[in-house]
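Chemist: This is what each chain is made of:
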Amino acid sequence: MSRAFGDELLEVRLRAVMEERAEEVASRAWTSQEMTAELVARLGGADRAALRRRQLLRVGLLAGVLVLLFLAIALLAGGPTRAPLALRLAVDLPLGGAEPGTDTVLNAIQLAVRTPAGGGPLFSIEIPPDGVFNDAVAGSPDGARGADNMRVVAGDARNVAVIGPYNSPVAAAEIPVTNAAGVLECSPSNTAPGLTIGQAAAALRSRPDRPNYVRVATTDDMLAEGAARFVLGSLGKRTAYVIYAGGAGPEDPGTLFIQHFEGLGGTVLGDARLSTADDVARIAAEIEALRPEAIFDGGKGDGAGRLLDLLSPPALTLPFVGLDSLLDGPRSEPGSFLNLAGERAAHAFAVFPANLASDGWPAFVAHYRTAFQAPPAPYAVAGYACAEVILAALQQLTLPPSAGPADWREALRAAVTTPGTVYTTALGRLSFDANGDVRPASISVYEYDGSSEDWTFREASQLTAGP
Amino acid sequence: MTGSRAAASDVRAAGVAFEAEIAAFVDAHYPRLIRLAGLICRDAIDSEDAVQAGLERAWRHRQDLLDPASLAAWLDRIVVREAIRLGRDKRSLVARFLRDPDDIEIAMSRRRDEAGSTAETRVALRRAFEALPAAQRAVVALHLYLGYSVQETAEIVGAPLETVRSRLRLARRQLQFQLAEDVR
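Line order of the protein sequences matches chains D and V.
Residue numbers for the first sequence, in the numbering used here: 8 to 474.
Residue numbers for the second sequence, in the numbering used here: 3 to 186.
These are computed hints drawn from the structure, not numbers from a lab.
Please note that the accuracy of each hint is not assured.
As the list claims (entries may be wrong) - Rough simulated footprint, nothing fancy, chain D against chain V, three-plus residues with beta-carbon under 8 Å:
{"#": "1", "segment": "49–58"}
{"#": "2", "segment": "70–78"}
{"#": "3", "segment": "134–145"}
{"#": "4", "segment": "168–182"}
To be verified - Ranges between beta-carbon positions, derived for each pair:
{"#": "5", "chain 1": "V", "residue 1": "HIS63", "chain 2": "D", "residue 2": "GLY427", "range": "29 to 37 Å"}
{"#": "6", "chain 1": "V", "residue 1": "ALA75", "chain 2": "D", "residue 2": "GLU30", "range": "20 to 28 Å"}
{"#": "7", "chain 1": "V", "residue 1": "GLU122", "chain 2": "D", "residue 2": "THR428", "range": "38 to 46 Å"}
{"#": "8", "chain 1": "V", "residue 1": "VAL18", "chain 2": "D", "residue 2": "PRO474", "range": "38 to 46 Å"}
{"#": "9", "chain 1": "V", "residue 1": "ASP66", "chain 2": "D", "residue 2": "THR425", "range": "40 to 48 Å"}
Since the model is a prediction, treat every value here as computed from it, not as a measurement.
Glycine is no exception: its CB is placed at the ideal position from the N, C-alpha and C atoms.
Turn these sequences into a full structure, and let the hints guide you.
Modeler: Here is the structure:
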């Protein structure tokens, strides 16, 4: 066959590149079985309608009478002429600066509700001003306030679900209320394993037979595993120094990181708790003496920033790996990790508990920027994904015209907490397991970008099987 | 069995046969079409949309096709045109509001290919290919990836022969230029 491209070497290389891209897209897109199911659903109506018409002729008058009877019942019930049922979605977040970027999480949720998925022939959904709850008290997330908020939400049946809360301790206070009331909660950012697994989770639920809580963020144990795999695999570092977030308890990210890092063949040369200003100087001296190949810090951004400020070369060139708490804003944000560390953050990485390598993430960012003329904070996409899950589930519900808001609330709770249902979201395809935890469990890694003086996405990895 | 139960049974049997027919249709064409669309669209979601639209349209109008042997090319034509449309819309949106939409893809390719300069060249070439306009990516994909002749490519994209030649020429120049810039 004649070719019109005129550059054989380029042609060979280009074919290889196209092959690579085509395979990547094919691996991320629907399988043949999924496409078949979609087409059957879409085309079935037309083709089966023809078949049904033939069957109607065969059963004759009886079917006609049944149809007329059905229409009469439907008309009496007011079904075909009934207006869509007005439903509400509640949002519970620490607002007013209590946590960085939560205003963009709220924006993202409102953006999702304004898409066509936010309504249909059977229902319409809105987030009214009194449906936005702030669970912060005196600038800090507060569990008691969160629980009070949930009592208000539960008291109005039009509130079919809540997106939130943002912080795990607040979730621990809210779940007993929402579980007793049967109100669905989808958290964009809770990562504490004890909210969904084990005795701690069981103690939060008076109605374990009626699950009501799901989250799109990967749990801390998976996050720590992802961080350990990143240090060993992507960075190729075999030894590390570990700083705990708190008291080095079994659920502390530092403890979890050590378990995974050593389990995967790494060696922890030293570990420490960072709670006072004196700790910072002691830890810096210890790191320089022990000479690890990497530092893992499970704590907050301000402590990490102060630590980097005290390190001297060559310790400053060590990869400094932290969790999502380091993602507290760009360098221009006063008090943020990047603001405190400055150029010393050049080798810093932050592990985020969700998959940002999906095609949906850049599309979401573009959508958000268009709407708000500003970039979203990292967790905004997770709030958007929660809204996508809830709206998709609502769209699938087929309730009779007589169903009221309480029926929709219960049907929605049951639908979303049914394990295995697959949702296509800005965080990729995801489902929830029987505990309400997202599957696949995935993490993403951000790195510092000196040119923009902000975090930038580096890579993502999947830690469990998914849909 | 009553008459209405027999009718219901017939409906179920017809439904099973219908699904099997759709499955065979999808199995025969989807793997090729999703890869083709993936070379033209910006992401997997648009690619799925383009292919779904193509398969749905082709199924509904399959009786109109006079020559069954030309089914594959007919499907390619429907999907490519839909993919170009989606690729064009998405590109303008992404280009306006997102600093570098290819960062993820490039970052992932770079991780896989950290062996040396060959990988760098491949990443640069991929970046350059993905930066081409959707209409140029379509003719390059049809001609070089699926092996259609220039004449066949022109028929599929619905453009004059000279336009397709011109798009191929422009694509080659653009790729050569970008490749030289990126690996410099």
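Chemist: Now tell me, hint by hint, if it's right for this structure.
Modeler: Taking the hints in turn, this is what the structure says about them:
1. 49–58: Per the Cβ count (6), the hint holds.
2. 70–78: Contact hint for the segment 70–78 of chain V vs chain D: violated, 0 residues under 8 Å.
3. 134–145: With 3 residues closer than 8 Å to chain D, the segment 134–145 of chain V meets the three-residue bar; holds.
4. 168–182: holds (count 6)
5. V:HIS63 - D:GLY427: 29 to 37 Å: Since V:HIS63 and D:GLY427 have Cβ atoms about 36 Å apart, the given range 29 to 37 Å holds.
6. V:ALA75 - D:GLU30: 20 to 28 Å: Check passed, 23 Å falls within 20 to 28 Å.
7. V:GLU122 - D:THR428: 38 to 46 Å: holds, 42 Å
8. V:VAL18 - D:PRO474: 38 to 46 Å: violated, 25 Å
9. V:ASP66 - D:THR425: 40 to 48 Å: Roughly 42 Å apart at Cβ, these two residues keep to the hinted range, so it holds.
Of the numbered hints listed earlier, those contradicted by the structure are 2, 8.
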